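*Asks:* Residue strings, one per chain:
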Amino acid sequence: MADVVATHETIVVVGGGISGMTAAVEAAETGKNVILLERAPSLGGRVSQLYKYFPKLCHPTCGMEINLRRLRGHKRIKVLTQAEVSKIEGHAGDYKLSVTLHPRYVNDNCTACGECGQAVSAEIPNPFDYGLSRMKAAYLPSLMAYPQRYVIDPSILGTADAEKAKAACKYGAIDLDMKPETITLSAGAVVWATGWRPYDAAKIQPYGYDRFANVITSVEFERLSDPRGPTAGRVVRPSDGKEAKNVAFIQCAGSRDRNHLTHCSRICCMASLKQTTYMREHFGDEAQSTIYYIDIRAIDRFEDFYQKVQADPGVRFLKSKVANITEDEATGDVILHGVDTEGYHRYDNRHDLCVLAVGMEPSVDVRSIADVRVDASGFIELGPTDGGIFGAGCAANALDVNRSVQSATASVLRAVQVVNRVAKAEG
Amino acid sequence: MGDINRAMAEQYRNDFLKEVEANVEEGQWVKMCMQCGVCSGSCPLGPAWEHPPQEIFMMIRAGRRDEVLKSESMWMCTSCYNCIVRCPRELPITHIMHGLANYAHRLGLAPKMNPTRRFAKKFWNNLAKSGRVNEIELSVGLYFMDGFKTGIARAWAMKDIGIGMLKAKRLNPFGFLTHKGCKDKKGIHKMLKKAREIEDRRKGFTA
Amino acid sequence: MADMKIGAYVCQGCGLGERLDTKALALVAQKEGKAHVVREHEFLCNGQGVAMIQKDIDEGVNRVVIAACSRRAKTEAFGFEGVAISRVNLREQVIWAQPATDEARELTQEMAADYVRMGCAEAKKIVAPTPNAEHGTDKRVLVVGGGISGMTAALEAARAGYDVLLVEKTGVLGGYMAKLHKRVPHQEPFADPQATDIEGLVASVSQDPHITVYLNSTTTRTSGAPGRFSVDITTESGQTATENVGAIVMASGFTPYDATKLPELGYGKSRNVVDQAGLEDLARAAAAQGEPMRRPSDGKEIKSVVFVQCAGQRDATGTHLKYCSGHCCNTSMKQAMYFKEQNPSIDTAIIYTDLRTPGNGEDFYRSAQRKGVIFTKGTVASVDEDGSGSATVRFHDLILDDKTATMQGVDLVVLATGLVPNSGVNIDIPPDAADVDPAKASEHAVSVLNLTYRQGPDLPQLKYGFTDSHFICFPYETRRTGIYATGPVRRPMDITQAVEDATGAALKAIQAVENASLGRAAHPRSGDLSFPTFRREGCTQCKRCTVECPFGAIDEDEQRYPQFNESRCRRCGTCMGACPVRVISFENYSVDSVGSQIKAIDVPDEFSEKPRILLLACENDAYPALDMAGVAGHTSSAFIRTVPVRCLGSVNMIWITDALNSGYDGVMLMGCRHGDEYQCHFVKGSELASYRMSKIDDTLKNLNLEKDRVRALEVAIADIGKVPALINDYAAKIKEIGMSPFKGF
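Protein chains in written order, with the numbering used here: chain H, 1 to 427; chain D, 428 to 634; chain R, 635 to 1379.
Possibly wrong hints are sitting among the right ones.
[Claimed, not checked] Here are the simulated DSSO-like cross-link-like pairs (lysine-lysine), alpha carbons at most 27 Å apart as the crow flies:
| id | chain 1 | residue 1 | chain 2 | residue 2 |
| --- | --- | --- | --- | --- |
| 1 | R | Lys956 | H | Lys56 |
| 2 | R | Lys689 | H | Lys75 |
| 3 | R | Lys934 | R | Lys816 |
| 4 | R | Lys1341 | R | Lys1356 |
| 5 | H | Lys308 | R | Lys1097 |
| 6 | R | Lys1037 | H | Lys308 |
| 7 | R | Lys665 | R | Lys1244 |
| 8 | R | Lys1005 | R | Lys937 |
None of these hints come from the bench; they were simulated from the model. If you're wondering where the values come from, they're calculated on a predicted model, not measured in any experiment.
Take the sequences, apply the hints, and build the full model.
*Replies:* In structure tokens, the structure reads:
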């Protein structure tokens, strides 16, 4: 990786999701040199796994196309994928990042022609679909993948499949001898945009995510609704493939809960409201969605969207934190038990499928890597003014896409302030 | 007793929540409820509740003093702790329910014929007498608390279990005669009296 | 300029060599495309292939035709500098879009040959753009508004080393925040109201050597473009200073919603009913005197306070504000804490329908409960004061389902009324419009910026008076390049968010001045150096370009010709599409460059049973969808010939008539959704295209052609499976209505 040039005036962006990509292009377009590090083999992050965005119900790939175009041709941006930061040392204006580069086993020659994928027979769970589908062990992470290069999964190394992949490639792009390497990068400032991960739903014992096939998470529901997803966009139950026309959405699955995440994850109300529109899109008047909530947090301008969903006769709202879920073993139906607190009505409601609107937690515990201040939930707080590591997007707070982009843009200015100071000092 | 009730009602005019906070075990937690209802849904005795815990908390905040204190609801609690485990605000709901029941009882507002209350009373008296529960006396007393006829019927209904317990030596049929109690009965009585004094003082029941 | 020298390169990799006769394609480039250098290569994007092209460029090739994969692939490898590049998409949209069968071979080859012809035709008509010479180089930033958003933007820009002019209408800095007793906490542990520290902030702004503050001043005239704005800053007394700046941050803030519109909630009837701003006044006045807060009507001690949330907000009936103002739940909790701090025994109740405290606000909510603030889910029907100063609040208790719940003996009622953005003039409402919907129009319709722009004096508003872009992915992009709205004028927000927002807006402003100084375009065609020019002698001064430009970039000069203001331009080409006399063009994108591609194809005769369908596809969404359809292995009709366009708004109707005249059997247009939930990256482009298309029927009638000869479709980038189906449907339709009668003319 000798071609990576980093100086005290370089801004390193850690994380290649919407926040990190935004930070990288905004900084580069302001005239700064940027290195963008992403742990996965392709940029895009969690938003690329969403079917649609609220409130416009447009597709994440639409904005991604623009961001990729801004990024692809930009001479000031260097992208390193499969790159993981293990340590940041130093101070504002002079950081050293230890970065491990995991092997892709595919080099720059790759044209994404797909021959290796066809040659390989081993299949692995597809992380893009949260494991709901399987894919070849030589794969392009997604149709929008950038870099547009295949990946060889390490699980087939040393097998005949790996050799088949290598033999299928006419361009000498497959290099099975790649080894992990650790590099050190200099940086004046760091934008930490490692995003969020869904709270582990299995920890919410009464909801039986680990026991009942037809209890899934909101992020999985996104994949089920997507025509490019594991079911080709058919909203069906994992247990038997039956169409799930009657779906329960449970809010605050893990959030606002002293037993789990104490913060409110902000996006989940809007996400579930949005997912009721998927139901209508798929099943029309037959769609039945029930939202079990404590407070509907369709904050500020999103109120519109809430009012629109409320007007849908196929959507019901119950102010209730569901007590527990049982499964009807004969039918696979899930039965939700609880109390509608508006006037005290008990219910035992049968649904085809239950979607847990799981909360957001920071995907990386940054404290073990860098000296930054975090709040009780692990989100990065804006530190004292002499620091040079800035949280952006969901690494800094539970944010929606719009606010993540805002946050990323703000963090770029903070980073620019640092590197401009360095530039001035260095003359 | 009525006097205490009047005194309390007077002292906390319009503010039942403050009264609960000051006088009910763990009462200071009531205000922390966010009305999600998970406790109400989690109670195994669910449908038996006229007012489930979350609603009781709201009623307390709304100042519905009589309705709450005269309610049978909190007497339903069997201390399974499901609600406490699930409460996203970590309210000690079980304790609050017992606290409310206890407070209502002390004020003389608890429903007189509530079976849980009567059992609790019987149990306590039985225990306090000798420092150790006399099981046969407690069981028989419980069966016959509504008269001889119902007592026979109840005992008959439980006969299989009774015989089983006899065989397993879990029930001493001569307990009426042979029950011994603990060694220092006087000491126990003294201790309980002192405890009562402390609690009364803490809860403001002493004149 | 040097003579045109076209180099055409045909790749044989990724199956192109097996599926196509690349030799024949090279011949097409040479014979028909008139390419001076033609080469085939087995693997064009590798180092060797790229070096081969670079060598030719070094030896004089100045137009490069790369017949390989999509322009969206291998961008870095083929990113040759200083030459015009035409990418011919033989991979994703030819061989991957056609079945790999022997039967399909002929049509696939025809398709590829046509695309090579089109690529060569384009290469002849484009040159590599050079930055325009007129760009401004002023790097100062103007911030309008001296509240927390404006001060933050100014300070943060200054910290990055940029000079800032800060204009504030009133005599003091601080804005609404200066009127607060305390602010909602923004740091761990999120438990208590925090000091605003507004004095410290004002002092930092006042003392910053990079910041010049203009108090009692407004911007009375703003002209120019990013990098060269000219702004008149006028004081109350009428003195005007003219300043030059490079970019503008508009932080004009908000006005609390007028609570007198809520008589049923007692406002205006009882002095003991206040709005949140009124409560802050009480708290600050009391704190200043070291006194407890007292009842406004009679100075009596306050023993109970009720907060009414969503007063005049979240109103679906349209009488009041339809939106949620976002901050009010936290604000009411904070204000309830004022009373708890004063005396914990003061009863404070908050009546709400949904408590909205996202993120760490949940900690603050718990803290308020711990302090004894009572929360009641309900809707308030009325607030009445009995004359003695104590009020009765009647509400529907939603938990206890008590429709006649009351709170009596309330000393003070606080209405959480929300905020109305100070957006200036709504330029979409004609100035003489008779009845303006009060809930929609800003009631402070005094211009903030006084832009001299042809399209109006302020930023276009999106909804409910907010200037937000409604772009989820690009929230800062207003429709006026180099002018960035921030704070609650953009969308409802609290202080913490406003600080974050203003910091981002300052970055965008800095970016705008840097880009303007290099003559580069801003989002979404960031870095694009091309810009529109027009042939003056052909212009009829019809003004369509000035009216239709989604970004208000085009003014009129003294002689009423369009004035393009390049650094305001986003390079979408909507002006080019609008121009009826086709005098507007870009160096690398013009009526001619696309028209030539359209006309370059080989049209088989009427009896061949091989129709030709032109597809004009938006390069941002439809074109990538077509690419990805290829990657995903979806095949579609081989009769389609696709030309990517910058935006459907750039489509000039002449392309359609030319296509039909030259023998195409049908024309498809694929653009983005328009309307309220528009997805057009140029905001109005697809909408304008659809408006223009609504008139295509007349053209077809004149040509004596069937209505179905043209079909316009809305397509999203994710319609990967749908796009091939749309093409096939249309191809079937064309088959049904038969071949065009215009073949061979």
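*Asks:* Each hint should be assessed against the structure and marked as holding or not.
*Replies:* Cross-check of the supplied hints:
1. Lys956/R <-> Lys56/H: OK: lysine 956/R and lysine 56/H at ~17 Å, within 27 Å.
2. Lys689/R <-> Lys75/H: Between lysine 689/R and lysine 75/H the Cα gap is close to 21 Å, so the pair holds against 27 Å.
3. Lys934/R <-> Lys816/R: holds (23 Å)
4. Lys1341/R <-> Lys1356/R: holds (23 Å)
5. Lys308/H <-> Lys1097/R: holds (15 Å)
6. Lys1037/R <-> Lys308/H: holds (26 Å)
7. Lys665/R <-> Lys1244/R: holds (23 Å)
8. Lys1005/R <-> Lys937/R: Holds, at about 15 Å.
Going through the hint list in order, the structure satisfies each hint without exception.
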